[in-house]
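There are 2 protein chains.
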Amino acid sequence: MTIQTIPFSNLISIDRTSAIPLFRQLANALLTLIRNGKIKPGHRLPSSREMAAMIKLNRTTVIAAYDELRSQGWLEVFGKKGIFISSQLPVINPKSFKPEKRFTPKGLSQSDFYRQINFDRPPYREIKPFHLLINDGYPDSRITPIDSLFNRYKALLSKADLHSPLMTGNVAGSLSLRRELADFLSKTRALNIETDNVLVSHGAQLAIYIAASMVLKAGSTVIVADMNYILADKLFEQLGARLVKVKVDENGIDVDAIEEICSRCLPDLLYIIPHHHHPTTVTLSAERRMKLVDIIRRYQLPVIEDDYDYDFHYNNSPILPLASADHNGYVLYVGSISKTLAPTIRLGYLVGDADFIRQASRLKQLMEIRGDVLFEESVAYLFTTGEFQRHLRRSVKLYRQRRDRFCELLKTSLGDLIQFTIPQGGMAVWIVFPQDYSISELSKRLYAKGVYLNDGSLYRYSDTINGIRVGFASLNDAEMEKFATALAQVK
Amino acid sequence: MTIQTIPFSNLISIDRTSAIPLFRQLANALLTLIRNGKIKPGHRLPSSREMAAMIKLNRTTVIAAYDELRSQGWLEVFGKKGIFISSQLPVINPKSFKPEKRFTPKGLSQSDFYRQINFDRPPYREIKPFHLLINDGYPDSRITPIDSLFNRYKALLSKADLHSPLMTGNVAGSLSLRRELADFLSKTRALNIETDNVLVSHGAQLAIYIAASMVLKAGSTVIVADMNYILADKLFEQLGARLVKVKVDENGIDVDAIEEICSRCLPDLLYIIPHHHHPTTVTLSAERRMKLVDIIRRYQLPVIEDDYDYDFHYNNSPILPLASADHNGYVLYVGSISKTLAPTIRLGYLVGDADFIRQASRLKQLMEIRGDVLFEESVAYLFTTGEFQRHLRRSVKLYRQRRDRFCELLKTSLGDLIQFTIPQGGMAVWIVFPQDYSISELSKRLYAKGVYLNDGSLYRYSDTINGIRVGFASLNDAEMEKFATALAQVK
Numbered sequence: 011m012t013i014q015t016i017p018f019s020n021l022i023s024i025d026r027t028s029a030i031p032l033f034r035q036l037a038n039a040l041l042t043l044i045r046n047g048k049i050k051p052g053h054r055l056p057s058s059r060e061m062a063a064m065i066k067l068n069r070t071t072v073i074a075a076y077d078e079l080r081s082q083g084w085l086e087v088f089g090k091k092g093i094f095i096s097s098q099l100p101v102i103n104p105k106s107f108k109p110e111k112r113f114t115p116k117g118l119s120q121s122d123f124y125r126q127i128n129f130d131r132p133p134y135r136e137i138k139p140f141h142l143l144i145n146d147g148y149p150d151s152r153i154t155p156i157d158s159l160f161n162r163y164k165a166l167l168s169k170a171d172l173h174s175p176l177m178t179g180n181v182a183g184s185l186s187l188r189r190e191l192a193d194f195l196s197k198t199r200a201l202n203i204e205t206d207n208v209l210v211s212h213g214a215q216l217a218i219y220i221a222a223s224m225v226l227k228a229g230s231t232v233i234v235a236d237m238n239y240i241l242a243d244k245l246f247e248q249l250g251a252r253l254v255k256v257k258v259d260e261n262g263i264d265v266d267a268i269e270e271i272c273s274r275c276l277p278d279l280l281y282i283i284p285h286h287h288h289p290t291t292v293t294l295s296a297e298r299r300m301k302l303v304d305i306i307r308r309y310q311l312p313v314i315e316d317d318y319d320y321d322f323h324y325n326n327s328p329i330l331p332l333a334s335a336d337h338n339g340y341v342l343y344v345g346s347i348s349k350t351l352a353p354t355i356r357l358g359y360l361v362g363d364a365d366f367i368r369q370a371s372r373l374k375q376l377m378e379i380r381g382d383v384l385f386e387e388s389v390a391y392l393f394t395t396g397e398f399q400r401h402l403r404r405s406v407k408l409y410r411q412r413r414d415r416f417c418e419l420l421k422t423s424l425g426d427l428i429q430f431t432i433p434q435g436g437m438a439v440w441i442v443f444p445q446d447y448s449i450s451e452l453s454k455r456l457y458a459k460g461v462y463l464n465d466g467s468l469y470r471y472s473d474t475i476n477g478i479r480v481g482f483a484s485l486n487d488a489e490m491e492k493f494a495t496a497l498a499q500v501k
Numbered sequence: 011m012t013i014q015t016i017p018f019s020n021l022i023s024i025d026r027t028s029a030i031p032l033f034r035q036l037a038n039a040l041l042t043l044i045r046n047g048k049i050k051p052g053h054r055l056p057s058s059r060e061m062a063a064m065i066k067l068n069r070t071t072v073i074a075a076y077d078e079l080r081s082q083g084w085l086e087v088f089g090k091k092g093i094f095i096s097s098q099l100p101v102i103n104p105k106s107f108k109p110e111k112r113f114t115p116k117g118l119s120q121s122d123f124y125r126q127i128n129f130d131r132p133p134y135r136e137i138k139p140f141h142l143l144i145n146d147g148y149p150d151s152r153i154t155p156i157d158s159l160f161n162r163y164k165a166l167l168s169k170a171d172l173h174s175p176l177m178t179g180n181v182a183g184s185l186s187l188r189r190e191l192a193d194f195l196s197k198t199r200a201l202n203i204e205t206d207n208v209l210v211s212h213g214a215q216l217a218i219y220i221a222a223s224m225v226l227k228a229g230s231t232v233i234v235a236d237m238n239y240i241l242a243d244k245l246f247e248q249l250g251a252r253l254v255k256v257k258v259d260e261n262g263i264d265v266d267a268i269e270e271i272c273s274r275c276l277p278d279l280l281y282i283i284p285h286h287h288h289p290t291t292v293t294l295s296a297e298r299r300m301k302l303v304d305i306i307r308r309y310q311l312p313v314i315e316d317d318y319d320y321d322f323h324y325n326n327s328p329i330l331p332l333a334s335a336d337h338n339g340y341v342l343y344v345g346s347i348s349k350t351l352a353p354t355i356r357l358g359y360l361v362g363d364a365d366f367i368r369q370a371s372r373l374k375q376l377m378e379i380r381g382d383v384l385f386e387e388s389v390a391y392l393f394t395t396g397e398f399q400r401h402l403r404r405s406v407k408l409y410r411q412r413r414d415r416f417c418e419l420l421k422t423s424l425g426d427l428i429q430f431t432i433p434q435g436g437m438a439v440w441i442v443f444p445q446d447y448s449i450s451e452l453s454k455r456l457y458a459k460g461v462y463l464n465d466g467s468l469y470r471y472s473d474t475i476n477g478i479r480v481g482f483a484s485l486n487d488a489e490m491e492k493f494a495t496a497l498a499q500v501k
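So the sequence lines, in the order shown, correspond to chains A and B. If you read the first sequence in the numbering used here, its first letter stands for residue 11, the second for the next number, and so on. If you read the second sequence in the numbering used here, its first letter stands for residue 11, the second for the next number, and so on.
In short, the hints are calculated from the structure, not lab data. Incorrect hints may have been included.
Identical chains blur together in the list; that is why a pair holds if it fits in one copy or across any two.
What the hints assert, rightly or not - Calculated lysine-lysine pairs in the DSS-like style (CA-CA distance at most 30 Å, straight line): (1) Lys407 to Lys197; (2) Lys90 to Lys48; (3) Lys255 to Lys227; (4) Lys90 to Lys50; (5) Lys501 to Lys421; (6) Lys301 to Lys501; (7) Lys301 to Lys257; (8) Lys197 to Lys66; (9) Lys244 to Lys227; (10) Lys197 to Lys48.
My request is simple: use the sequences and hints to build the entire structure.
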C-alpha cells in the first residue's frame with residue numbers, strides 16, 4: 011500500500027531562511043504527520059526522487075531526512091521494495107480520540123489537573139525604559155561592587171580542579187560563605203552560631219519558603235501581623251496553613267495578643283519582622299521583644315524572624331534580633347544579602363539549629379540541587395577582604411542621606427495630603443493617604459509624567475488602610491527631584 | 011535598689027581586636043544580661059564613671075553604650091538619680107522557665123516542631139583542591155562564554171533607568187529570555203510555543219519542583235521509572251506523593267505497563283526522561299513514544315517530561331520530545347540551560363499551557379520573588395547574538411570526541427570487568443559492575459590516587475543493580491588519562 015496520493019507539497023512547509031537545516035525540517039515535518047496518524051504504520055513513502063520532486067528539495071536532502079528518521083526507528087527499508095513507515099509503530103487515529111472521563115484517585119471528577127494559585131500582584135503597566143521606576147525598597151545597584159565579584163568568579167570558573175570540590179557536597183551552600191556569614195552575624199547581631207547553623211539560599215524569600223515548608227503542613231496555623239508582608243502570607247496559605255492575624259501598632263506587633271492565642275491553642279508558627287516591619291516600617295519595642303522571647307520559650311513557639319534589612323538602621327544601632335536571645339532553637343532567623351548587593355542578585359540565608367539546617371538543606375537540594383556556588387564563593391571573598399563590610403557602611407551612609415532628603419521632598423510636594431513617620435531604617439517610607447484619595451488614580455497621573463509607581467492595591471489589606479510603600483534608597487538626587495516634581499504637579 | 015555588687019568585669023568580655031566598636035560590644039553585652047534576666051527592670055546601673063573603671067574602658071565608650079541602649083528603650087534616666095533598666099520591661103527569671111507541654115493542634119504530642127527529610131546523598135569525603143573530581147555528567151565550565159555574559163550584565167547593572175523595568179513585572183522570568191527560549195525551542199524541538207508558554211527558573215530542578223507542586227498533593231500517585239533520577243523521586247515523596255514504579259529496558263520505560271496502570275486507576279502524574287534516561291542513559295524508542303503520546307491523550311495523563319540534555323545528542327539528531335506532539339497541554343516540558351553553560355549557573359525552564367505557566371509563575375514568585383533578571387537578560391543576549399547556539403555546537407562537537415575517547419579508555423583500563431553501552435548523547439556513561447564488585451571500595455582506592463569518584467550508593471536502587479554514572483564531558487584529555495590510569499591501577 012503506497013501513499014503517493016498524499017499531497018505532501020501541501021502538508022510539508024519548508025522555510026529556506028531558517029537556521030534549521032532543510033533535512034531536519036523535512037524529517038520533523040514527516041514525523042509530525044506520522045505521530046498525528048496522517049501517515050500510518052506500514053505505509054510506503056515516496057522514493058527520495060519522487061519526494062524531492064514533489065516538495066522541490068534537493069534529493070540528497072530527502073535522503074538525509076529519511077536516514078535520520080530511519081536511525082530513530084520511525085522508518086524501515088525493505089531492499090528494493092522501498093521505504094516504509096515502521097510497522098512496529100502503533101496505529102493512531104488522528105483527532106478521533108475520545109478522552110476517558112478523568113477521575114482523581116478519590117473518584118471525584120476535576121476540571122483541571124493543576125491547582126490555581128490564589129494570588130496576583132497588580133499587573134504592571136508597560137514600563138518604558140525611559141520611565142523612572144519607584145520601587146518599594148530596593149538598594150541602588152549602581153554602587154554594587156560588581157567588578158570584584160565578577161573578577162573573583164572568573165578566576166574560580168577557569169580553575170576546574172579548584173572549583174570542582176567547591177561545587178559539591180555543600181548542599182547548604184558554599185562553605186566559605188556560610189563561614190563568613192556565621193562570623194558576620196555573630197559580630198553584628200550577637201548570634202551565637204557556627205558555619206553549620208547557616209544555610210545559603212537563592213534569596214531570603216526562598217529561605218522563608220524552606221523554613222515554612224519544614225514546619226507547616228495542611229491545616230497548620232500561623233500567627234502573622236495585620237498587615238503583613240503579603241508574599242509571606244500567600245506563601246503560608248499556599249502551604250495549606252491558616253493565618254491568625256494580630257494587630258500592629260507603632261511599637262510593633264501586639265505580643266499580649268500572641269500570648270492569648272498561644273494560651274488557647276498553640277499555633278504552629280509565628281512569622282514576625284521585628285525591624286522595619288513590612289510594609290509599615292515600625293520596629294518592635296524593647297519591652298515587647300523581651301515579652302515575646304519569654305512567650306517563645308514558655309510555649310516553645312516556632313518563629314520565623316524575618317530580619318531582611320537589619321543592616322540598614324540609621325538613627326542608632328539596630329536592636330539585636332530575637333534570635334540572639336536564648337530560645338532553644340525555636341527562632342529561625344532569615345536575612346538577605348540582596349538588600350546589600352543588588353535586588354537582582356538573589357542571595358539570602360536561614361539560620362537555625364544545626365540539625366534543623368541539615369534537614370532544611372536536604373529540602374533545598376530537592377528544590378534547586380545547589381545554588382551558584384561560584385557566585386557564593388565570590389561573595390564570601392568580598393567578606394574576607396572586607397569589601398562587603400565597607401560597601402555596607404558606604405550604603406548606610408548614602409541611604410541615610412537619601413532618606414532625609416526624600417522625606418523633605420515628600421513634605422514639600424505632598425504637604426498635608428499625606429501622613430508618614432520618618433523610618434528609623436530600611437529603604438522605604440510608608441505613606442498614608444486620606445480614605446477618599448485614590449492612589450490608583452495618582453499612579454495613572456504619574457505614569458503620564460514618565461514616573462512609574464504601583465497603584466497601592468498590594469497594601470489594601472482592609473478598607474481602612476490607604477497607604478503605599480515608597481522606596482528611596484535606589485534614587486539619586488536628580489531622580490528624587492523628578493519624582494517630587496511630578497508628585498507636586500499631579501497630586 | 012542598685013546592682014553595683016554585680017561583677018560586671020566577670021560578666022562582660024570586650025575584644026579590643028574586633029572590628030565591632032567597643033561601645034557596641036558593651037551595649038550588646040549589657041543587653042544580653044538584661045534579656046537573660048541577670049539584671050532586672052528597675053535596677054540601677056553603675057554610673058558611666060564607675061562602669062568604666064570596673065571594666066577598664068574609656069568613660070566616653072560607656073556613655074555611648076548607655077545612650078545606645080537608652081535610645082532603643084532598654085534603659086531610662088531619671089535626672090540625678092541615675093540610669094536604670096527600664097521599668098517597662100517584663101521580669102524574666104533566667105533559666106527557671108518550665109516549658110509548657112507542647113501539643114500539636116490535633117492534640118498529639120510531638121517531639122520536634124519540624125519535619126525530617128528522608129533523604130541524604132552519600133556524604134562526600136573531603137575533596138582536596140588537587141583532587142580530580144569525576145562528576146556524574148557536568149559540562150566543562152572552562153569553555154563557558156563568561157566574558158560575554160558578564161560584560162552584558164555590567165552594562166545592564168549600571169543603567170538604572172533601563173534595568174528597573176527589566177526587574178519588575180515578569181514573575182515568570184526575563185521577557186527577553188522567555189522570548190528567545192520560545193524561539194529556540196520551537197526551532198530545535200518543534201514545540202509550538204510562544205513567550206507566554208515559558209517560565210524561567212533557578213535550575214531545571216526548581217522547574218520540576220514547581221511543576222510537581224502545581225499538580226501533586228498529599229496522597230497523589232506518580233508513575234516513575236525504576237530506576238529513576240533520585241532527586242525527582244525524593245521531591246515527589248517530599249510533596250506527599252506515592253511512587254508507582256515501572257521498569258526500564260534498553261528501549262526506555264515500559265509503556266504497556268503505564269497503560270495498564272492508567273486503566274486500573276488513573277495516576278496524577280507521569281515523570282519521564284525520554285532522552286538519555288537518568289541514570290542509565292537509554293532513549294525511549296519511536297514505537298513507545300507514539301504509544302505513550304496516545305496514552306497521554308486518551309487518559310489525559312499529566313506528564314513532566316524532563317529533557318535535561320536534549321541538545322547533547324551525538325549519533326543522529328535527537329528524537330523530538332513528547333511535548334512536540336498534540337497533547338492538549340498535558341505534557342509539562344522541563345529543560346536546562348545549566349547543562350549548556352555551566353553547572354553552577356542555575357537556569358532552567360518549564361514549558362506548558364499559557365494558563366498553567368501563569369499559575370506556576372505565581373507559585374514561583376512565592377518561592378523566590380524573581381530570578382536574577384539581569385543575568386537572565388544577559389543569557390538572552392547570548393541567544394540574540396547567536397553566541398549561545400555557537401557555543402552549543404562547539405560543545406556538542408567537543409563532548410562527542412570526549413565520549414569516544416572516554417569509552418576507549420574505559421575499555422582499555424577496565425576491560426571485561428565492566429559492561430556499558432556507548433551513550434547516544436548526554437554527558438555520562440552508565441557503567442555496570444559485577445554483583446560482587448564493590449564500587450565503594452573502588453572509590454576509596456581511587457581517592458588515595460587523588461581521584462574523587464562517588465561510591466555508587468546513589469544508584470543502588472535494588473540488590474541487583476551495581477552501577478555508577480560517570481561523567482566525561484567536563485574532562486580534558488589529560489584528566490581522562492589520569493582517571494583511566496588510576497582505574498587501571500586500582501581496579
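Which numbered hints turn out to be false for this structure? Structure breaks hint 6 only.
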